Amino acid sequence: MKEIILPELGEDIKEATVSFWHHKEGDEVKAEEDIVEFYTDKANFSVKAQASGILKAISVKEGEKASVGQVIGEIEER
Amino acid sequence: MAVKAVKRIDLSLAPLVENTRRVIKGLKLHTICDSGNCPNMHECYGSSTATFMIMGNVCTRDCRFCSVKNGKPQEPDKTEPGRVAEAVVKLNLKHVVITSVTRDDQDDKGVFNFVETIREIRKRSPGTVIEVLVPDFGGIEELIETLVRARPDIIGHNLETIARLYYLLKPDSSYFRSLSVLHMVKEFNPDICTKSGIMVGLGENEDDVIEVMRDIKEIKCDIFTIGQYLRPTGEQFEVKRHVDEDEFQRYEVVAGSMKYAYVIAGTFVRSSYRAGEYYQKYQESRKG
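Quick mapping for you: the protein sequence lines, in order, are chains A and B.
For the first sequence, our numbering assigns the number 1108 to the last residue and increments by one with no breaks.
For the second sequence, our numbering assigns the number 290 to the last residue and increments by one with no breaks.
Hints may be right or wrong, so weigh each one.
Some residues of chain B that are not near chain A, with every Cβ distance over 12 Å (derived) [claimed, not checked]:
hint: 1; residue: 20
hint: 2; residue: 92
hint: 3; residue: 230
Simulated pairs of lysine to aspartate or glutamate, EDC-like, Cα-Cα distance not exceeding 16 Å [unchecked claim]:
hint: 4; chain 1: A; residue 1: 1060; chain 2: B; residue 2: 12
hint: 5; chain 1: B; residue 1: 30; chain 2: A; residue 2: 1058
hint: 6; chain 1: B; residue 1: 27; chain 2: A; residue 2: 1041
hint: 7; chain 1: B; residue 1: 125; chain 2: B; residue 2: 88
None of these hints come from the bench; they were simulated from the model.
In this text, all values refer to a predicted model and were calculated from it rather than measured experimentally.
All residues carry an ideal CB built from backbone N, CA and C; glycine is no exception.
Assemble the whole structure, with the sequences as input and the hints as a guide.
As structure tokens, this is what we get:
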């Protein structure tokens, strides 16, 4: 299982809001493909899938906040 | 009008980001990457680079776009230059950028701390290219000469915005004093590369930016960066517009036709962003 973790974004930034998941739970995802976007007061960010497989879980939904270091989703590697 | 651009983050860099942060925190240093909530922080820390901010994280000036705290700073720490040099060694930096808060409270405006930091890095890591990104030192000639004599490879001083917006955004500073700082560096030693930058999206238009580029050429500044202003938190000046990539490209084209400054323009361009890489490109462009 490959966890998607909200990365460090700066000293004072403790959380970010998930703005968009490119896939639904259960969808197949490919490594290097855009998977999720989120934003802080300062900027919008996007991360790519680190592995190919199935997007097993979305634990922070669109519009919800996540803390830095929190697992926001999981990919079951194939 | 363009929408807010998206910064891509490579999660596989996370362990390197952690390591860079550990080195910086371990040596009790500040970086503008963290203090300014820079969107490039993950990428830069992930490639083991950072822009060190010396003489504390409290600034004597209150620029409206900046999230660094304004107030009465602590006395500069004499051990700091050595700790910065230690970080350069630990992170194995080939190119380092040193910046600082503005220290109008000090007689020397902080210039000796820059000189000491340059000296310590030269001693510990002689092969490292040293770039300093300095405040205006009140425009005082002898202080700028002192810095030039310490022989950093690059001296940067950011204009940050166009002349017309200074009263609103940098009320304690002067556009023409800032230009004169860069000009003095070249007069004292033409071999030192000079660098400046502005942010766009603060209320200027394209003609205003080209006007700044003419001024930059006039003072023989070598490298000029143009990037999108992003509001660090809800407390700073609001973003007036999001500039699209076409406009940034037009600035690079205009620069090419002006034949002086090497211009780097783009949404996430910051004066210290990929400083080592762009300095190499600039040097190659000069040969060619």
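Checked hints:
{"no.": "1", "hint": "20", "in the structure": "8 Å, violated"}
{"no.": "2", "hint": "92", "in the structure": "19 Å, holds"}
{"no.": "3", "hint": "230", "in the structure": "9 Å, violated"}
{"no.": "4", "hint": "1060/A with 12/B", "in the structure": "15 Å, holds"}
{"no.": "5", "hint": "30/B with 1058/A", "in the structure": "44 Å, violated"}
{"no.": "6", "hint": "27/B with 1041/A", "in the structure": "11 Å, holds"}
{"no.": "7", "hint": "125/B with 88/B", "in the structure": "11 Å, holds"}
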